[in-house]
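S.K.: Just need the whole structure built from these sequences, with the hints factored in.
Listed below, chain by chain, are the residues.
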Amino acid sequence: MKPIFARGISNQFRLTLAIVLSVILLVANDRLEPVRQSISSLLSPLQYVANIPGAVLDWSAESIATRNMLAKQNKQLLRQQLLMSERLQRFEHLRQENDRLRALLGSPVHMDSKKMVAEVMEVASDPFRHYVVLNHGARSGVFVGQPVVDAHGVVGQVVEISELTSRVLLISDVTHAIPVRVTRNDVRLVVQGIGELDELELRHVAKSTDLRVGDLLVSSGLGKRFPEGYPVARVMKVERDDGQSYATVTAQPLAALDRIRYLLLIWPDGNQSEQAEPKADEPKAEETP
Amino acid sequence: MSMHIPHGRWVVWLSFLLAMLFQIMPLPGLVESWRPDWLLLVMIYWAMALPHRYNILSAWVLGVLLDILLGAHLGIRALSMSLVIYVVVLHFQRLRNFPMWQQALMVASLVCLHHLLVFWVQFVVNVASFDVSLFLPALSSLIIWPWVFWMLRRIRRIYKVR
Numbered sequence: 001m002k003p004i005f006a007r008g009i010s011n012q013f014r015l016t017l018a019i020v021l022s023v024i025l026l027v028a029n030d031r032l033e034p035v036r037q038s039i040s041s042l043l044s045p046l047q048y049v050a051n052i053p054g055a056v057l058d059w060s061a062e063s064i065a066t067r068n069m070l071a072k073q074n075k076q077l078l079r080q081q082l083l084m085s086e087r088l089q090r091f092e093h094l095r096q097e098n099d100r101l102r103a104l105l106g107s108p109v110h111m112d113s114k115k116m117v118a119e120v121m122e123v124a125s126d127p128f129r130h131y132v133v134l135n136h137g138a139r140s141g142v143f144v145g146q147p148v149v150d151a152h153g154v155v156g157q158v159v160e161i162s163e164l165t166s167r168v169l170l171i172s173d174v175t176h177a178i179p180v181r182v183t184r185n186d187v188r189l190v191v192q193g194i195g196e197l198d199e200l201e202l203r204h205v206a207k208s209t210d211l212r213v214g215d216l217l218v219s220s221g222l223g224k225r226f227p228e229g230y231p232v233a234r235v236m237k238v239e240r241d242d243g244q245s246y247a248t249v250t251a252q253p254l255a256a257l258d259r260i261r262y263l264l265l266i267w268p269d270g271n272q273s274e275q276a277e278p279k280a281d282e283p284k285a286e287e288t289p
Numbered sequence: 290m291s292m293h294i295p296h297g298r299w300v301v302w303l304s305f306l307l308a309m310l311f312q313i314m315p316l317p318g319l320v321e322s323w324r325p326d327w328l329l330l331v332m333i334y335w336a337m338a339l340p341h342r343y344n345i346l347s348a349w350v351l352g353v354l355l356d357i358l359l360g361a362h363l364g365i366r367a368l369s370m371s372l373v374i375y376v377v378v379l380h381f382q383r384l385r386n387f388p389m390w391q392q393a394l395m396v397a398s399l400v401c402l403h404h405l406l407v408f409w410v411q412f413v414v415n416v417a418s419f420d421v422s423l424f425l426p427a428l429s430s431l432i433i434w435p436w437v438f439w440m441l442r443r444i445r446r447i448y449k450v451r
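Sequence lines, in order, name chains A and B.
Start counting the first sequence at 1; every next residue gets the next number (this note's numbering).
Start counting the second sequence at 290; every next residue gets the next number (this note's numbering).
Just so you know, these hints were derived from the structure itself, not from any lab.
All residues carry an ideal CB built from backbone N, CA and C; glycine is no exception.
Do not rely on the hints blindly, as some may be mistaken.
Claimed, not checked - Listing some non-contacts, in silico: residues in chain A with all C-beta distances to chain B over 10 angstroms:
{"no.": "1", "residue": "Ile64"}
{"no.": "2", "residue": "Lys115"}
{"no.": "3", "residue": "Glu119"}
{"no.": "4", "residue": "His152"}
{"no.": "5", "residue": "Val213"}
{"no.": "6", "residue": "Thr250"}
{"no.": "7", "residue": "Gln252"}
{"no.": "8", "residue": "Tyr262"}
To be verified - Examples of chain A residues toward chain B, derived with CB under 8 angstroms:
{"no.": "9", "residue": "Leu26"}
{"no.": "10", "residue": "Asn29"}
{"no.": "11", "residue": "Pro34"}
{"no.": "12", "residue": "Ser38"}
{"no.": "13", "residue": "Ser40"}
{"no.": "14", "residue": "Gly54"}
{"no.": "15", "residue": "Val123"}
M.R.: Structure (structure tokens):
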């Protein structure tokens, strides 16, 4: 028989110590961000290794794609590109016009913001939250609070970074809310996640608010976190029940949150000069009724 | 060689590392909610086999690492894993002598306890909604435990871990 527990501390003491330490961690969670960042930088190789099987599957799916499939896809993409470039021609014209008008009004002209494509790493996250992990981190200049979009709309924001990876909180998470504006009439609202990938909620909407099914909601830029004008969701259902004090409104996110693979990280203009920017932003905010 | 001298520590930590890897490995959507708690299973095995070396505080450290890997609120899994391992360490003699099916049932109920604790703390510090699928990992852990046990015992004997 081994000399079990012949020396050292008792199990009860160990348990008490573990519980006390855990409670300290639970309480101090938000202040421990730097520690978390450095430990997750150390652990990120593990995430890269865990991502390998998924990457290999992707790669093999691509390499055994038949010539027919590729040709079909190519044709489709060409058509899409033609449509897009036509739209872009018009857009370029509108942008110049907009810049001229803004210059006449004396408002700041919108700059092209820096963007970067990031790939979603296939690693599991906390099942109670809606997270994805990206393959870019502090080394690529990613910062906490950075907006993330995909081809269709806003996806979420970066909440945690390590050297080589970053974690994005999706707009469908229960703790996420984003200020939006209805494109039809500039009504300002807040869209909140409810923990469903395909459903969002608009809270505290007065029953008299002019809101219809099918309205497009774009980011209003009021939270100073998401740049203005990115599409967020489309209104799906508006219920005005007399028994409730507010209307119940649900919306569907435009980004396909359940099958995202490539995302865009956005550096909003003037992120470097955060102190100087709010002043320049003010007149813009007043303009929006 | 004396029994007091630890031997083969690296094997144990390597097994923890692999378990962590399995814990965050991508799974197809359907199987995702059935993911066994690899790390907890491996930790239970080592706590059962060598309770004087790998016990509550090692479980705490692994729990913190897992919380960080999953991006969860810090301390949730640390708390629940150390509580579960406390139960294992208290009853390791009995657990060792159980027939395999009984042992697997015990392990499954420990996994249940772990998930309940995680849900409960999650509910307190954040919002979380209860779902019965929370207990699916316990079922898959029940099925997978005999194999984990058998493999880790072989590893322990081959590398003479103590």
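S.K.: Taking the numbered hints from earlier one at a time, note which ones the structure violates and give those numbers from smallest to largest.
M.R.: 11, 12
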